[in-house]
Amino acid sequence: MILTFLFLLCLINGHYFSPGIGQERGENRTTAHCLENRNSYPRYYYFLKIIWPKIDMLVFCFLPAFVMILCNAKIICLLKQQRRHLENKNSTRRQDAPKPCVSIHQTLSGVALMRNSTAINRKALERQMSLMMAARVIVFLCTTVPVTIYLLILERVIMKIPNFARDNPFWTFLFRILRSLMYVHFGSNFYLYCLTSRIFRAEFIQAITCRRLGLSSNPEHSTSFMLNKIDDV
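The working numbering numbers the first residue of the sequence shown as 58 and each following residue consecutively.
Hint data in this document are derived by calculation from the structure and do not stem from the laboratory. All figures in this text were calculated on a predicted structure; none of them were measured in a lab. None of the hints are false.
As a list, the in silico DSBU-like pairs of lysine-lysine whose alpha-carbon atoms are at most 30 angstroms apart: (1) Lys131 x Lys180; (2) Lys180 x Lys137; (3) Lys146 x Lys180; (4) Lys131 x Lys146; (5) Lys111 x Lys131; (6) Lys217 x Lys106; (7) Lys217 x Lys111.
Make a model of the complete structure from these sequences and hints.
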């Protein structure tokens, strides 16, 4: 599967190795950067400026966001189904269980409170995961779509502005700002996890604390371990 996706990505971006991408020298003839050969390959220039931005927006912006939304919705549905299954299982156990004796009433009530706490924790976990995954999709779209829209309207709208040649430094600066915003997405996931997930913050702080103090990690204090342990009750 990974090799298939890698092959598809190489196939989609393989046009950058075509002769249509040439080299432009600066005024001092010592610096050079890649540039499309507009005069030698007019068809490729049209593809690169008009058609490719649309493909880029669909393949690298909206398609990943669509896949993320579908996967997040599937994860939320699975969590809800698991929670309902556990609730039905616990209710069936309570119905089939014999009447408790007075001497062990407090013990059984403690188990019931633990089960109720488990259900509350699972609902809180669902809310945190929903918030975290929704935030990831929103940040992904907000950081990748603007630069793609800029490239999409560059040839058709921006370059036809009467003062485009005079304001070219401004448009170049704007493009670099939008491209930098796109790179922000790759470094923002950690902060999104910290801001939207209390469990992630607790696990992260515990990991840092254990490493600083040189203590061996104790699974009894792990959040995920405790949730799984309570479910087995």
